[in-house]
Amino acid sequence: EAQVTQNPRYLITVTGKKLTVTCSQNMNHEYMSWYRQDPGLGLRQIYYSMNVEVTDKGDVPEGYKVSRKEKRNFPLILESPSPNQTSLYFCASSLRLPNTEAFFGQGTRLTVV
Amino acid sequence: QKEVEQDPGPLSVPEGAIVSLNCTYSNSAFQYFMWYRQYSRKGPELLMYTYSSGNKEDGRFTAQVDKSSKYISLFIRDSQPSDSATYLCAMSGGSNYKLTFGKGTLLTVNP
Chain S
20 EAQVTQNPRY
30 LITVTGKKLT
40 VTCSQNMNHE
50 YMSWYRQDPG
60 LGLRQIYYSM
70 NVEVTDKGDV
80 PEGYKVSRKE
90 KRNFPLILES
100 PSPNQTSLYF
110 CASSLRLPNT
120 EAFFGQGTRL
130 TVV
Chain X
512 QKEVEQDPGP
522 LSVPEGAIVS
532 LNCTYSNSAF
542 QYFMWYRQYS
552 RKGPELLMYT
562 YSSGNKEDGR
572 FTAQVDKSSK
582 YISLFIRDSQ
592 PSDSATYLCA
602 MSGGSNYKLT
612 FGKGTLLTVN
622 P
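These protein sequence lines are chains S and X, in that order.
The numbering of the first sequence is our numbering, which starts it at 20 and goes up by one.
The numbering of the second sequence is our numbering, which starts it at 512 and goes up by one.
If you're looking for bench data, these hints aren't it; they were derived computationally from the structure.
There could be a bad hint or two in this list.
Restraint-style ranges between C-beta atoms, simulated for each label pair [said to hold, decoys possible]:
no., chain 1, residue 1, chain 2, residue 2, range
1, S, G59, X, Y550, 13 to 21 Å
2, X, Y550, S, N26, 35 to 43 Å
3, S, S101, X, P519, 36 to 44 Å
4, X, S523, S, E72, 44 to 52 Å
5, X, L617, S, P27, 22 to 30 Å
6, X, S563, S, S101, 40 to 48 Å
All C-beta atoms, glycine included, are put in the ideal place defined by N, C-alpha and C.
Use the sequences and the hints to build the structure in full.
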């Protein structure tokens, strides 16, 4: 089954404790991205990757890091999480540009206390 | 001015009604226009996309794009309770084809 898999689905952590949210897709897609979804603000792009070893900032990259060492994986790293990073996070992948059909993961609900 | 504006609703309609959802945008570089549906506690899923101006129909769903007015619409005919969800418009274009989303409209179809 074609899918984008995120882990964990739910996470509660403390301020400053480094964490990684994993994302994996099994569709051989080139384009992957991370979004956060907040009430009243909608979906905002954090980082994206057009292919292996090619990443770039989206609209709200501060406090996040990503890497793309393999085509299928695109982890999101929060090196020192803060409460304002409490949000619902989605990973998405698209076969290639122009990025018209993005497949989304199920989401990761992160709470930073 | 925000790049993409979408009325958040909520919108509540009776079963069988025709639903109209809309977005406006300001970025002339947008060329691809998409509608996503998001059920509660799920990731968004693509409903349909349109390139440039025009109409596209898929079953009970029709997407319309008017680039001259920078206005896109999604119509749902014979709405069903299973259509109850948040509908997100999204657009892409320019140098990196980044998806820019509207904030979403919450739709409830009442039996």
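Each hint tested on the structure:
no.: 1; hint: S/G59 <-> X/Y550: 13 to 21 Å; in the structure: holds, 20 Å
no.: 2; hint: X/Y550 <-> S/N26: 35 to 43 Å; in the structure: violated, 20 Å
no.: 3; hint: S/S101 <-> X/P519: 36 to 44 Å; in the structure: violated, 27 Å
no.: 4; hint: X/S523 <-> S/E72: 44 to 52 Å; in the structure: holds, 48 Å
no.: 5; hint: X/L617 <-> S/P27: 22 to 30 Å; in the structure: holds, 27 Å
no.: 6; hint: X/S563 <-> S/S101: 40 to 48 Å; in the structure: holds, 42 Å
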